[in-house]
Structure formats: C-alpha cells, structure tokens
Amino acid sequence: MNELDELAQCLGQGQTKRVADLTQQLLDKGVGPQRILNEGLIAGMAVVGEKMRSGEMYLPEVLQAASGMQASLRLLKPYLVKEGAQPLGKILLGTVKGDMHDIGKNLVGIMLQGAGFEIVDLGLNVPPQKFIEAITDHTPAIVGLSAMLTTTMLNMKTTIDAIGAAGLRSQVKVIVGGAPVSQKFAEEIGADGYARDAVLAVDKVKQLLGVSAQG
Amino acid sequence: MNELDELAQCLGQGQTKRVADLTQQLLDKGVGPQRILNEGLIAGMAVVGEKMRSGEMYLPEVLQAASGMQASLRLLKPYLVKEGAQPLGKILLGTVKGDMHDIGKNLVGIMLQGAGFEIVDLGLNVPPQKFIEAITDHTPAIVGLSAMLTTTMLNMKTTIDAIGAAGLRSQVKVIVGGAPVSQKFAEEIGADGYARDAVLAVDKVKQLLGVSAQG
Amino acid sequence: MKKNFTQLSVKTASDLAFGKAPKPITCGFALRLGSGQVYPELNFTLPMMTLDKAHWAAVVSHYEEIGEMVRRASKRLHLPGLMIEFELLPPMTEHPEWGAEITSILQRHLRLAHEESGLSCALRVTPTDIRDVTRPPELRSGKAWDAVRQSFDSCAAAGADLLSIESVGGKEVCDEAMLYGDMEGVVFALGVLAPRDVEFLWNEIVAICSEHKIIPGGDSACGFANTAMQLASQGMLPEVFAAIVRAASAVRSLVAYECGAVGPSKDCAYEGPILKAITGTPISMEGKSASCAHFSPVGNVAAAMCDLWSNESVQNIRLLSGSAPEAFLELLAYDCRLFNKAIESGTEQTYQKLLVDSDIYESPQALVLSPDSTFRIASAIVKEPTHYRKTAAASREAVAIIRQAIDDGKLQLAERESHWLERIHSSLEALPQHEEDLVGAMSDQYGRLYTPRSYGL
Amino acid sequence: MKKNFTQLSVKTASDLAFGKAPKPITCGFALRLGSGQVYPELNFTLPMMTLDKAHWAAVVSHYEEIGEMVRRASKRLHLPGLMIEFELLPPMTEHPEWGAEITSILQRHLRLAHEESGLSCALRVTPTDIRDVTRPPELRSGKAWDAVRQSFDSCAAAGADLLSIESVGGKEVCDEAMLYGDMEGVVFALGVLAPRDVEFLWNEIVAICSEHKIIPGGDSACGFANTAMQLASQGMLPEVFAAIVRAASAVRSLVAYECGAVGPSKDCAYEGPILKAITGTPISMEGKSASCAHFSPVGNVAAAMCDLWSNESVQNIRLLSGSAPEAFLELLAYDCRLFNKAIESGTEQTYQKLLVDSDIYESPQALVLSPDSTFRIASAIVKEPTHYRKTAAASREAVAIIRQAIDDGKLQLAERESHWLERIHSSLEALPQHEEDLVGAMSDQYGRLYTPRSYGL
Ligand SMILES: [Zn+2]
Ligand SMILES: [Zn+2]
Ligand SMILES: [Zn+2]
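Residue numbers (our numbering), protein chains in the order written: chain A, 1 to 215; chain B, 1 to 215; chain C, 1 to 457; chain D, 1 to 457.
Hints may be right or wrong, so weigh each one.
25 Å max Cα-Cα, derived BS3-like pairs, lysine-lysine [stated by the list, open to error]:
#1 A:Lys97 - D:Lys53
#2 D:Lys75 - B:Lys51
#3 A:Lys130 - D:Lys11
To be clear, the hints were calculated from the coordinates, so they are not data collected in a lab.
On a predicted model such as this, the values are computed, not experimentally measured, just so you know.
Generate coordinates for the entire structure from the input sequences, incorporating the hints supplied.
This is the structure:
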C-alpha cells in the first residue's frame, strides 16, 4: 500500500495521531500538499461517507475521522496557502429566524467538512440580514438553510427573498432541509436544492458545485 | 294551527298529496302565492334542513319532503309568474372536467332545491367552456363546482380562471366542495366559499346571497 | 367453466381467521397469502396536481419516490412481506400506456427490494372503471371499455402481479335507489344488474391474466356499499341501511370468483370476509388503518379475517415524520406484527375477539362484519340458486342479525334507526319471487338510468 | 416537601398494565386516568404558516376548527373520554397572552363537548421551553425564563387542566456528547445537569399549579432520548446507544415527581413506564399512533403500560378523509377500544404480551421498554441515593438487559452494534464513584457549552 492510501485508511479508522504522522512524512518526502489533500484526506473521507451511508459507520466514528482530517489539515495549511490552493468550496449554514433546532444543521456541517468543504456556521435563530452580511463577508458558494417547524419554514423563503433583494442571489446556491421541508417546497420557495438527510446534503452540494464523488 | 303552518308540517312529514291539496285550498281562499311559498314551503323545508343537520331526518325523508314541495310549486307557478315573483336564486352546479363523481354534487342540488333555490345541473366531467355558456344562458347567482380527486381539484381553478377570462366572474359567486377540498384551497383558487357537506353548502349559499334561514 | 359455490369453505364461524385462508395463493416475488401471516398492503395516490402529458415528469417522480421509500422502509420496519397496490387514476386508464409506465416503475422497485433484502412482495394493479364516463354507462363496448380492457392488458404486460378492479355496473341505479332509501331498487342494482356486469368483466380479466400468467385478484363493491357507508357517516342514510347494503353487495363481488378470480380481494371490499367464507381465498381489508382515506365505524372488526391489511389511499404528501405513505406503512407494519405474533403464539382467537367485540355493538355496520355474521350471511348466500335470490337472502339475513342483537339487548339503536330497519324488512319481504317480475317493475322506475344491452337484458 | 422514591409502586413486572395505575388521578371534566380505561390524547400543530401578529386570525381559526372537529368526532367515535394537548409554539410562549388565548379556545370547546354529550375530557397545556434561545442557555433568569414562567401562569389562568413541559436543561451538553458517542458525557448531562434544572423548574410549576388548583402533569426527556432515537433511525448512532440513553433519561424526568408532579407524564416521554413503576402515576404514551410525527422502532411495545394513547403531533392539514388530526383521533379511538375491551374481558395480559413480544426482539430500543425491563431499570433506580448514581445504574441495567437477551439467543445484533454495546459498557464501568469527580472532568470537556450557575453549580 502506498502512503497516500495508508493515510486514507488510517483516517477511516479514526487513528488521528497516525494520520498526522503520515501527513508529516509525506510532506517531508516532498509530496505535494494538494495531492495529500485530494488522494489522502478527501479520498479517505469519501470512503467514510460511503460507509456512513451504507450503515457501516456511525457518526461518532465519522467525527473521529473528521478530527484526523483537521489534524492533517493543520499541517498542510501553510503549504496549501503558499501554493495558492483553492479549498473545495465554502458553505454558509444557519437555522432560520425563530427556529432553535440546530442538531440537524450541525450534522450537515460535520459531513460537509469531512467531504473537504469549508464551513461557516451562523448558528440558530438567524435573521435574514445576518445571512446577507455573512454572504458579503465570506463569499460562500452555497448557503444552507435549516428549519424544523411548520411555523418557521416560511422564513426560508423570507431569507431567500432577502438575499435576492440584496442583489446576492446569483452569487450563491441555496439548499434547504429540515423535518417539514420537501423537494416540492424547496422548488416553490426558489431554493436550488433539497436534501432529506445529512448524507444526501453532501451529495447535493457536490452536485450543485459540479464536484465528483472523489472530490 | 293555521293552514300555512299545517302546510309546512305536512311537507316535513312527507305527505305529498296532502301538501298539494292544502296548497290548492290556500290558493282558493285567495292567500298570496308568495306567502304560501315563503311561510308554507320554504319555512317547512327550513325545518326539514334543521332536522337533517341535527340527525333527526335522513336524506330519503328529505327527498320525500322535496317532492311535496315540487308538487306544490307546480300549482303555485302560474300565480307566481303572473305576480312577477322572483325565485330565491338560481344555482349552477357541475363536477369539473376529468371527474366522474356526482353523488356529492347531487346531494347539494337536492338540499338547495329544498331550500327554495332553482338548480341548473350540468352533470359531471364538465369543461370550463360549458360552465361559461351556462352562465351566459342561465345567469345564475352562484356557481357550485365539485371535485373528488386530488388530480382534478386544480380544474376548479382552471374553471374559475376561465370564467374570469370570459369577463363573467363579477356576475357570479363561486363555491367549491368535495373530499380533497378545504377552506384554504378555496381561498387560494379565488373561490367565494367552501362547504364541507351538503347541509353546510346551503348555509354558505344563503350567506353569500344574504338570504336569512327562513328564506 | 363458471364455478358455482354451493357450500362454504369453512365448517364454522370460528374457522374464519386472520392470516389463514383455506385456499392460499402465491404471487409476485414469493409472497404467500393466507398461509399463516398477514402482510401490509400499501396504497397511495398523487397529491394535488394536474395529471396530463405536460406534468408527466412530476407524476413519475412521485411514484419513483414512493418506490424508493418502500425499499428503505421495508428494511427499517423488518417487513416479512408486502403488497403494494397501484390504483390507476382515470387519465392513466384512458391512456393505457401511462398506467403501464407507472406499473413498470413500481415493479422495478419491488424487484430491487426482493433482490437487495429478500423481501417477499407483489404488485397489485387496479385500472379505473371509467365505463361510467357516459350516462347511462356503456359497459360492453365503446371507447371507455376499450381503454379499460387495453389498460388491463398493458399493465399485465408491464409487470402487474395481480389485477383488480372496482367495477361500476349497476351503480347508476344503486346510487339513486340509495338516495331514496329504496331497498327494492338496491336489490335490483346489486342482485340483477351488477352480477351481469361483473360476469362480463371478469371473464375478460381472467382471460387476460391467464394469457400473462398472473393472478386475477378480485373486485370491490366500493361504489355501492362504501358509498352507503359514507352517506351514513354524514347522517344522510340510516346505519342499518348501510349495514344491509354491505351484506347485499357481497353477491356481485362473488361473481368475480365464479368467473375465476382467486383473490386476494380488494382492500376496500369490506364484503371480503363473506367472500373468504364462501370461496376460501385470501382477502385484503382496511379499517382504522385507512383513516387517511375515509372514516368508518368498523375500524377494528374489519381486521378480524384479513390476510392483507391496507390503508386504502393516502396522498404522497409530507407529514412531520416523513411522507404520508411511509407513516401509514409504519402503522400497517405494527398492526401486522400483532396479527402475526398472535398466530405464532396461538392467541389469535383472543385477539380476534378483541377486534370484533370492541366494535360490533357500537354500530350495525360493524355487527354485520363479525365472523358469526359473516358465516350466517355467507350460508344464506350459498343456499340460494340465483344472484338475485342470493342478494335478497344476504339482505334478509343481515336484517335478522341486527334484529337479534337488538332483541338480545346487545345493540342499542336510535328509534329512527329501528323504524328504518322495519321499513327495510318490509321491502325485502315484499320482493317478488321471480327475477323477471322485479326487472319489469324496476325498468319502469329506473329505466331512464341504464341501458339493458349493457347487461345483456 | 421533596419526595424520595425508595421503592416501586408495584410488586412485580406483571403489575405493570395499561389503563391501570396505582395512583389514579382525576382532571378537567371528570376525566379519571389510571383507573381501568385508556383514553386518546390528541395532539396537533399548525400547518405551514407564519406565526405572528399579522397572521393571528388564521392561527386562531385553526384551533377553532380543531376544537369543533373534536366535538363532532368524539360523538361519532363514541369516545368514552379524551385528553387533548395544546403544545405551544415558541412565539406563543414568548408572548404568554397568545398561548393563553388558544388555551381558552380549546377549553371552551372541551366544556361544550362535556355539556353537549357528557364527554369526560381534559386539556393539557405545554409551554415551550425556550430557555435555550441563548447559547449557553440561561436557565434560571432572564427574558426567556420570565416568559416561560409567565406562560405557565397565563395558561393556567386561561383554563389549562394540567401543565407539562419538555425541559431542556442539560441538553446543550447531551447533544454534543451523543454526537461523539460519549456515554460519560451523556450521564453527566442526564444525571448531573438535567436533574438540577428539572428540580428548579418543577418547584416553580408545582407552585403555579397549586395556586390555580390544577394538575402538574410531567416532563419529557424528548430532547435527549428521542433525539437519540431519531439519530439511531438515521443510522447516525447505534441503536444500543439510543436504548441506553432512554433508560438513563428516566431519572431526570423522575425529578418532576419528586417535586410534586402527579402525572400523567408527557406522551413523548417514552421513559413513562419507568416513571409509572416508581411513582404509580398514570402515563401517556405514543407509538405507531405517532407515525405522523416521527418513526420509531417501538410502535407496539410503547402501548404496553399506557393510560393515555397519543399521536404526538400532526399538522392541521387535509387528508382524503378529512383533517389529519381527525384521522389520527380515529386511529387512537380504535386502539383505545382494544385496550378497554381487553380490560373489560380480562384478556389484558394476553394483549399486553402481544404488544410487547411483537416488538422487543426487533430492536434493543424496544427491548428496554418491556414491562420486565421497566421493572428492572426502575428497581435499579430506586436503590441508589443520588440522581447521578441513579442515572448510572439505569444505564448499566439497560446494558445488562440487552446483553442477557443476546446471551439467551433472543436478540440478534449486528456486529457494529455489539461492539458499541461493549464500548458503552466500559464507559459506564469507568464512571467515577463520586459525582464531584465527574463534574470536574466534564467541566474541562464541555465547560464551554453550559454555565454552572444555571445549575446551581
Ligand atoms: Zn374503493
Ligand atoms: Zn383501494
Ligand atoms: Zn416531545
């Protein structure tokens, strides 16, 4: 097994320390940071995502893998910056105004991070204006809105409309999710995508950004 | 008991022959046809409607009363015409295009007739154009649309829109009903009223036309 | 080749059980019915939308979504087996290729479920009986009948495992007779007209099924007896009327079996227990599980003899938990666990008694569905030689059952109900001995509503 | 005045029954709970809409419509009794007068139902615990807590017959601990933080209830154990984890009873049976009947000891039959007929066994809800002196129950599940003997998530 494959495998096994060590070894050998990221980390996390989807891995194990990825990224970051490498994409997340549920949104954030995306999480009960400011500040590729109540889901529409009124709608894709939300509702309020669960949210983001399963 | 009260009572008891005889007696005595209609027939049918609503009378008994009313009206008609009396109002009924259910609509027609309204029933599977022609021909005060399928209820909207496009919408009030229909849906498609069942449909029609319970 | 059922398939009322039928059948992907297990039969329909060529992609995506849900949920719920029913909507029957397309989508998902997780399952397909598009209905020829026949053939070719229909012959008369509370007219519609149409129709369906080597399921008196049930629940008709129509309606549905149907009967055919008692074939039933589709006074007792347990129909809309079809599939699954655990543990008679006793004295409509009533009505039917006399006998037996429960002090009826019971009793007693006499009288009264040639009259 | 439950309210597991509680209560309009009958508890919520001042008329009309439906349907279904629960939405708690207005509407309809048809009924009102509007939550002071307290008071004044809440103290830590599969953190949240908050909160609620002479119902570990159940159903957490969290969560809910709550517990408190075993108070439960609100692996077994049978929540939207709340009320009514007929006929143990045995070996989450498991977990809880040690003991007993079922060959677990069972077992064995030691360790790990002063720490 080559060391990149080993890195991917250790990631999936949650061996955080070993992942960091292997990353350092690869860097020392002169392997490009972008290659380590793509063929080691993101490839490893793709397998993790697959296993989660098929029911072979639970969230705590995925989080363990994700923390290995973070450890490795901390080492890679200076090199990536030096190379001017682009992250896979930035995603802005938030639960809409009036809604205090955040566990579902948090899951989506964790899964997306594992897939190599950068996450900006605005938390819960987020008014439209705060989304607009964050879009201006962070220029995300995608905004993810969450709502868990039939009486807050229309605030997703309010938020999308406000983003439009601020002239920012063409800069971002918007995805929505949460217990009462459906594909039909997503279409009706002018969202670009809907996902039933956190695993499918990753697929939807990749699809919207034209990113293949392997990153 | 005066004879008008007796007429009303016999009507409710389904004594068709006696209702006709009493009507003739009253006419012979010079009682005005409009008074016989209002204080005898419509008053009697109002009691019948109440009893149906409270569960004291079943439909076959209501129909029996309605046929008494028809027998009486046949006698009154020439006098009413001579007096230039106006009927309580004309109602156009039909099941919308694509929908073959007519029992619910028929019930509404029967109940409305009993309440003194004139009914024009277009039957089932009625295309918008046929409604438009009938509005022009019959100048009804109210159009009642029925649909029983989730896949035909939108044809109510199509029909209302077509009536609008033909410039006839301001001439009629539109009420809707049927298993999948709700108050909210009625409002969304621009109907003037909704009724959950045949008894409530009579109330709704009276309310829209500003007719009191006693006619 | 027409069967004539002259005796019952069971010896006593206590032989009538859920999950067990004297003549089990196997269909689709190894789904064995009536041999010791009850399975869910899932039903669903489209939410509010326009069903035409322009919206066809949206229509298809609903059925794809339901198919995927079925595969996911059958694993989650550890389903031991599953029937799904695809009830066509009228335009899908008018355009037989549309119904066939959805049939093949659902068939594909069931095949995948069977391959992926070994699910025993089958697809029931039920074209719409659109022959009443004209009034009076044209039952044996014309565009509508051609489309219905083509729909059966196309759906069979596209992967239906069994075919059913809710046929409408005689309904044009029954509807009006019921509104006027005319039991004589109801017996004419159900005992004279309807059997003639069911025979015509099911000879065709059985031929199509045998050509495609699939199973002719059964018919449903939905348009007759469930209409009566609905009118009763709205206070338009007496409950006793609806109860008696229920019993009377079994005969016209039985004709499908005389012509070669082998079950399972349709879910909304609450006359199913009577059919099971006579023919021995497995039946599908619905009760409280169908509260998404209609309310009823027979929520528990309807389950007493079922082999499939159905939700009748629910729009593919979103509830808080997930899709409404998934919510009702979960309900069905848990109900079926109870049936099956009861059979496994030998307590099925205790459980059946709970299902029966919890309902039967709350409503005469529930009373006529008990195993005892079923056995009595079925016995009355097989003793008589003709469909007309069978129908009259079933009605009379239902009256006798209700009267006896009142006499025993077990069933309390409002006075208005008792009055109607006696009125119906008198009508039934006054029925002519000879069918021809009834036909003559009824053609005077209802002749404008039907065409004799549609019934070979 | 704090109660200390040191022994169970029942002698054996077989004393745990549906419809009967050692300490029955009477509430509202002569609704007697736990004394031989099970009644429906109907729940409902708004459909998709904006909840603000501008849309208030539309909000009101939904609750009026539901109230009218309840009056009509309770007659149609011959309901012997009914609880309805009004669960406030967050803005209705933020504006206590809004919640009070809806309370008085529903109260009026129940009074009319009682007057018109003698229906025994009561109104449960459940303000939203909005104290987690800030992170970390401010539990004992501030605007949110003021609103919650005012909401209880206003709803009590407006006609609530009993008060409940789904309190959130400790949830901020439990959520994160669960994501990381950290059982130590879960025990800290459920056994150290949550009981302190429940005690604070229920002292207040009991005082408000006694002032208004109404009944302090109970709390629910919904935000903890049902979150775990949902994560398990999405494949995010092992089922064994959710099963053990369920057992552990009973202790924090028990604290409400220590402070004076008398039941019935909340429907979504699946820990209810444990509470009933300990306190003897009637409980509300939900299972397959709540498939409108969420799916679960405990559809039948959840009914085994219920005194109220609930649908948890359903939007007031239209199904084919009528409104969704009416459809689910019908389901509840028929299920209750079965419970009550079983009690009446003396077959309740057979029926309970069906409910239990049909589920318990399909999922460890179902297993821990059986009467036997309930009795064991409850016994483990009352033996220990502190909430922390009670919580640890409940968790360990749940592990022992699951292990034994595996050893007996009755429960089959996937290898990944067994692995987690052992991992959890090790965490529980490694818990410090003294609470202070756990608090120290956990404040390092989770200190950023909570404020000690919210827990009097
Ligand atoms: Zn049907
Ligand atoms: Zn059906
Ligand atoms: Zn809850």
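#### Entry: Which numbered hints fail
Checked against the structure, the only hint that fails is number 3, while the rest are satisfied.
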